[in-house]
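Undergrad: Listed below, chain by chain, are the residues.
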Amino acid sequence: DVKVTQSSRYLVKRTGEKVFLECVQDMDHENMFWYRQDPGLGLRLIYFSYDVKMKEKGDIPEGYSVSREKKERFSLILESASTNQTSMYLCASSSPLDDLAKNIQYFGAGTRLSVL
Amino acid sequence: QQPVQSPQAVILREGEDAVINCSSSKALYSVHWYRQKHGEAPVFLMILLKGGEQKGHEKISASFNEKKQQSSLYLTASQLSYSGTYFCGSEGISSASKIIFGSGTRLSIRP
Chain A
1000 DVKVTQSSRY LVKRTGEKVF LECVQDMDHE NMFWYRQDPG LGLRLIYFSY DVKMKEKGDI
1060 PEGYSVSREK KERFSLILES ASTNQTSMYL CASSSPLDDL AKNIQYFGAG TRLSVL
Chain B
-14 QQPVQSPQAV ILREGEDAVI NCSSSKALYS VHWYRQKHGE APVFLMILLK GGEQKGHEKI
46 SASFNEKKQQ SSLYLTASQL SYSGTYFCGS EGISSASKII FGSGTRLSIR P
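Keeping their order, the protein sequence lines are chains A and B.
According to this note's numbering, the residues represented by the first sequence are 1000 to 1115, in order.
According to this note's numbering, the residues represented by the second sequence are -14 to 96, in order.
Excised from the complex, chain A in its bound form:
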């Protein structure tokens, strides 16, 4: 079974703090993604990475950065958290090389971040 693990289920931070959200997958997937989920807006892509040290902006990258130093780990960084970044954050991974499950995304359980 593919497992995508997000380090925290709930986080409470203060405005202006630097926040790290961590995600680890155990299936040797090439692709990893960070989404933000808000009511009525669905899953919006923040950043994705298709290889170690490679990243590409998604639809809403402003205020976020990412880091992928190892294949299994993808970090989302809020340089200076703001209240409008209060949301549920979901990490996912996929492989473009798996014939049986090409590009199917496997999600973590999510981190609910509150910025006060």
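It should be emphasised that the hints constitute simulated quantities derived from the structure, not laboratory data.
There are no misleading hints in this set.
Pairs of lysine-lysine residues, derived as DSS-like cross-links and limited to a Cα-Cα distance of at most 25 Å, are as follows:
(1) A:Lys1101 with A:Lys1052
(2) B:Lys83 with A:Lys1054
(3) B:Lys11 with A:Lys1056
(4) A:Lys1069 with B:Lys83
(5) A:Lys1101 with B:Lys83
(6) B:Lys83 with A:Lys1002
(7) B:Lys44 with A:Lys1101
(8) B:Lys44 with B:Lys22
(9) A:Lys1054 with A:Lys1069
(10) A:Lys1052 with B:Lys83
(11) B:Lys83 with A:Lys1070
(12) A:Lys1002 with A:Lys1054
(13) A:Lys1070 with A:Lys1101
(14) B:Lys11 with A:Lys1054
(15) A:Lys1101 with B:Lys53
(16) A:Lys1101 with B:Lys52
(17) A:Lys1017 with A:Lys1069
(18) B:Lys11 with A:Lys1101
(19) A:Lys1101 with B:Lys22
(20) B:Lys22 with A:Lys1002
(21) B:Lys83 with A:Lys1056
Stretch by stretch, here's where chain B covers chain A in the computed footprint (C-beta under 8 Å, at least three residues):
(22) 1039 to 1049
(23) 1104 to 1115
Even for Gly, the Cβ is constructed at its ideal location relative to N, Cα and C.
For this one, chain A is given, so just place chain B on it according to the hints.
TA: Quick look at chain B alone, frame taken from chain A:
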């Protein structure tokens, strides 16, 4: 641009049928469907790769009209376990691996 899903919400009685539609403004390589139960991670249901392809999963099936850039998810004889939010995801021809998800359709099944 996000694909447009309709309806935004559906309430059914157990045993009733439902159709969820997904429409994209971009040419599609594939369409993915996922279901997210309350408090849980989204889970993959099915992927449609070819125009006109229909796939099934239990009593849940889907179709993909490549020319119209549309997909529909069909839930037949709904069960309580079908409750959740359904997302379609579009994978563009020029942006393989990257899926853009719709805003979701919340499905509630009542006994």
